[in-house]
Amino acid sequence: MSDYHAMWEKLGLDLAAHDGLLEVLPPLYQDCILSQENRPEGMQYFDFVFSEVHGLRIKELVDHRASGGIVVGTFCTYVPEELILAVGGACVGLCAGAQVAEEAAEQYLPRNLCALIKSSLGFKLAKVCPYIESCDLLVGETTCDGKKKYYEILNQLQPVHTMELPQRKDEADRRLWREEVRRLVARLEEISGRKIDEAALRDAIRVINEKRKALLRLAGLRKCDPPVISGRDALLINQIAFYDDPVRLTEKVNALCDELEERRDGGISIGGAHRPRILLSGCPMAIPNWKVPTIIETSGALVAMDEMCTGIRYFRHLVEEGAGDLEGMLDAIADRYLKIDCAVFTPNRERLDHISELVRDYDIDAVIYYALQFCDPYTVEAFQVQQELEKERVPFLYLETDYSSEDMGQLTTRVQALIEMVETQKPSVF
Amino acid sequence: MTVAGLDIGSRTIGLVVVNDGEIVFREVVDTTFDPLEQCRRLLAQRDFDVLVATGYGRHLAQANFADQVITEIKAFALGCSHVFPQCRTILDIGGQDTKAISLGEGGKVADFQMNDRCAAGTGKFLEVMAAAMGLLPEEMGRLALQAEGEVKISSMCTVFAESEVTGLIARGTPRPLIARGLHEAICDRASALLRRVGVRREVVFAGGVAHNPCMRVLLEERLGLQLLVPENPQLVGALGAALSVLSRDDVRA
Numbered sequence: 001m002s003d004y005h006a007m008w009e010k011l012g013l014d015l016a017a018h019d020g021l022l023e024v025l026p027p028l029y030q031d032c033i034l035s036q037e038n039r040p041e042g043m044q045y046f047d048f049v050f051s052e053v054h055g056l057r058i059k060e061l062v063d064h065r066a067s068g069g070i071v072v073g074t075f076c077t078y079v080p081e082e083l084i085l086a087v088g089g090a091c092v093g094l095c096a097g098a099q100v101a102e103e104a105a106e107q108y109l110p111r112n113l114c115a116l117i118k119s120s121l122g123f124k125l126a127k128v129c130p131y132i133e134s135c136d137l138l139v140g141e142t143t144c145d146g147k148k149k150y151y152e153i154l155n156q157l158q159p160v161h162t163m164e165l166p167q168r169k170d171e172a173d174r175r176l177w178r179e180e181v182r183r184l185v186a187r188l189e190e191i192s193g194r195k196i197d198e199a200a201l202r203d204a205i206r207v208i209n210e211k212r213k214a215l216l217r218l219a220g221l222r223k224c225d226p227p228v229i230s231g232r233d234a235l236l237i238n239q240i241a242f243y244d245d246p247v248r249l250t251e252k253v254n255a256l257c258d259e260l261e262e263r264r265d266g267g268i269s270i271g272g273a274h275r276p277r278i279l280l281s282g283c284p285m286a287i288p289n290w291k292v293p294t295i296i297e298t299s300g301a302l303v304a305m306d307e308m309c310t311g312i313r314y315f316r317h318l319v320e321e322g323a324g325d326l327e328g329m330l331d332a333i334a335d336r337y338l339k340i341d342c343a344v345f346t347p348n349r350e351r352l353d354h355i356s357e358l359v360r361d362y363d364i365d366a367v368i369y370y371a372l373q374f375c376d377p378y379t380v381e382a383f384q385v386q387q388e389l390e391k392e393r394v395p396f397l398y399l400e401t402d403y404s405s406e407d408m409g410q411l412t413t414r415v416q417a418l419i420e421m422v423e424t425q426k427p428s429v430f
Numbered sequence: 001m002t003v004a005g006l007d008i009g010s011r012t013i014g015l016v017v018v019n020d021g022e023i024v025f026r027e028v029v030d031t032t033f034d035p036l037e038q039c040r041r042l043l044a045q046r047d048f049d050v051l052v053a054t055g056y057g058r059h060l061a062q063a064n065f066a067d068q069v070i071t072e073i074k075a076f077a078l079g080c081s082h083v084f085p086q087c088r089t090i091l092d093i094g095g096q097d098t099k100a101i102s103l104g105e106g107g108k109v110a111d112f113q114m115n116d117r118c119a120a121g122t123g124k125f126l127e128v129m130a131a132a133m134g135l136l137p138e139e140m141g142r143l144a145l146q147a148e149g150e151v152k153i154s155s156m157c158t159v160f161a162e163s164e165v166t167g168l169i170a171r172g173t174p175r176p177l178i179a180r181g182l183h184e185a186i187c188d189r190a191s192a193l194l195r196r197v198g199v200r201r202e203v204v205f206a207g208g209v210a211h212n213p214c215m216r217v218l219l220e221e222r223l224g225l226q227l228l229v230p231e232n233p234q235l236v237g238a239l240g241a242a243l244s245v246l247s248r249d250d251v252r253a
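Residue numbers (the working numbering), protein chains in the order written: chain A, 1 to 430; chain B, 1 to 253.
Since the hints were derived computationally from the structure, they do not count as laboratory data.
Hints may contain errors.
[As the list claims (entries may be wrong)] For the chain B half of the interface with chain A, some residues (derived, Cβ under 8 Å), not all of them: (1) TYR56; (2) LEU60; (3) GLU72; (4) LYS74; (5) LYS108; (6) VAL109; (7) PHE112; (8) ASP116.
From the three backbone atoms N, C-alpha and C, an ideal C-beta is built for every residue, glycine too.
From just these sequences and the hints, can you work out the full model?
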C-alpha cells in the first residue's frame, strides 16, 4: 500500500487518530473475513478494495474532484444514486459501522441513541473518515427521528441536504416524494454547476440498474445448497457496493458470479458439514460491522440471505427503463425508491411479505433479527416479523446489540442455542 | 461409559459425573477470578471418558480440556427433563443470565428467551441489592418473605435500582419491604420472559436463584401453579451436559 499520509493531511484528517483506526482494521478483517476457508478467487478484488478503503479509492475521489467532479455522501438506501451520477458526481455511502469517538459524539447527542448515528458523528468529530471529508454535499433523509434531528446538528459542521421521506405510499406521498427528488436535482445542479440532461440520466439509470442486476445475480447464487459463497463475503460485497465505482464493481461482481456458477456446476462449495441456513433481518451493518454474521458463521450456520439495507433491500428493485423524457425518468426514479420497505413506513406489509418470500426461496431454517439498541422502527417492527414467522413455524431469534464487543459471549450463546434447536428439530438428524 | 459434565457459570462451576446413567459424583464451587484453575481443581482425581462443558466459560474449557461443548440452553433442557420427565417449561435464573425455555417433543428445545445483555433480573442483581442493604443474599430472601406489603421498585437496571434502594433506605423504608419489592421486580421480569415462550406445566425452576425461597413463593403466586425445583438447582446444567453424550449414544443404538 502506498503512503497516503500527505493526501489524508490535505483532507484535514487527524493523522494520529486515523493511523490508530487503520491499525485496528486489518486484524479485524483477518478474524472476520480472511480466516474463512475455500473463499472464491473473485473475492480477491474485494479484499484489495477493502485493503485500500482509505487509500486508493480516496485517491480516485480526490482525482475526480480535481477534474471538476463532485462527491456526494449518503447515509441511506433512499438517496437516488442515479441523480448524483447524472451530474457527474461520485456517490459514497458513509462509514458508520464502528465505535469511534463516542464520548465526543455524546457532547452533541444523547447517550440513549442508536450506535449508527453516534458512530457517524464520531467519525466526523474525530476527523478519521476521508470519505466524509471528501464530500461536497451530504444527503440525509427523514428515515427516523434520530437521524432527522442529527442532520440538523451535522449541518452545522458540513452542508447537509435532507430529503423528506413520506411514511406511507399513497398518492399524496408519491407526489411529495417525486417533488423531493426534484428538490435534490436542483441542489445537485447548483453544487456541481451541471444541468441534468436526458442522455446523462438515461445512462445513469442504466449503470445503477446494471449494478443492481449484478448484485441480484449474486443474491440468486446464495440459494445454492451446499453454499458457494459465505454470508460474510456477500455482506462485504454489498458494503463495498456503497462506495466503489459502480461500473467497475458491476464487472467484478459479474466475474465473481461466473466463478460461483462454475463452483455450483462443479459441486465446489465453501466446504464443511451441512449448515443451518439463516436469514439475517433488521438494521443495516456498515463496514466494519461483521460482529453478528461472524458469530453465526463461526458457530456452524450460514447467513444465506440478508433482509437489510446492506443486503437485498439495497438492490431488490430496478428503476423502470424507457420511462420517456427527463420528467418521466425522474418519476420512475422516485417510484423505484418509494418501493423500498424500510421499517419507518406504516403500514409496512411489503416487508413482512418479502421476509416470508425469502424464507421460502432461500430454504431458510431460522431468522435472526439484528436490532441496534434504540432503533425504534426496527426494534418495534420485530414483533410483527416474529408474528408472521410464527404462522409459518420458522424459528426466530431477536438479538439486540450495538457496536461494542462486550456482549459477544452472550450473543454467541443465543446463536448457538438457536443452531442446536434447529438441528435437533430437523428430522434428518435421526 | 463415564461422562463428566461441567457447567462454568459466571458465579459457580458445577461438575456432575455420570456412569451408566447414575450420578456418581457432584460438586459446586465458586467461579472466582480464575475459572480455569477452579475447573482443574474440580476435575483432579476424577475419572471419566468424555468431558462436556457448558455455561459461559465453555469455550475456555474447550480450548483447554473439554472434549465437547453445548450451550446452557440445551444443557438445562436435557438436565431438567431427566430430573422431571414431565417438564415442559424451564425458568433458569443464574448469575448473569435468565432463561425461559419451552420444551417440545422428547424434551427438545422448542423455543427460548433470554434477558437483555445487562444483568437486570438475574442473581447478580439480587447480590448487588443485598449488598446495598448490608445483607447476605439468602438473608434478603428470608427477610422479603416476612414483609407485609411491599414498595415498588421501578428500575430494573442494576445501577439505577441501587440508587432507588439507597433513596428508600434514606427515607426510612423498612428493609423487609425493600427486599420484597426487589424480589417482586425480578418476578415481573421472569414471568414476562416465561410468557413469551408460553407457560405449560410442569414448570421447572432451576439455577442458583431457585435456592431463594421468596422467589419461588412469589413466582408460584404469580403463575398460579406449583414449580418443580430440583434438589440441586445449580447442577442441572452440568447434569445435562453429561447426559448430552449418553442420549446421543442411545439414539445411535
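These are the hints, each one checked on the structure:
no.	hint	in the structure
1	TYR56	6 Å, holds
2	LEU60	10 Å, violated
3	GLU72	7 Å, holds
4	LYS74	5 Å, holds
5	LYS108	5 Å, holds
6	VAL109	5 Å, holds
7	PHE112	6 Å, holds
8	ASP116	7 Å, holds
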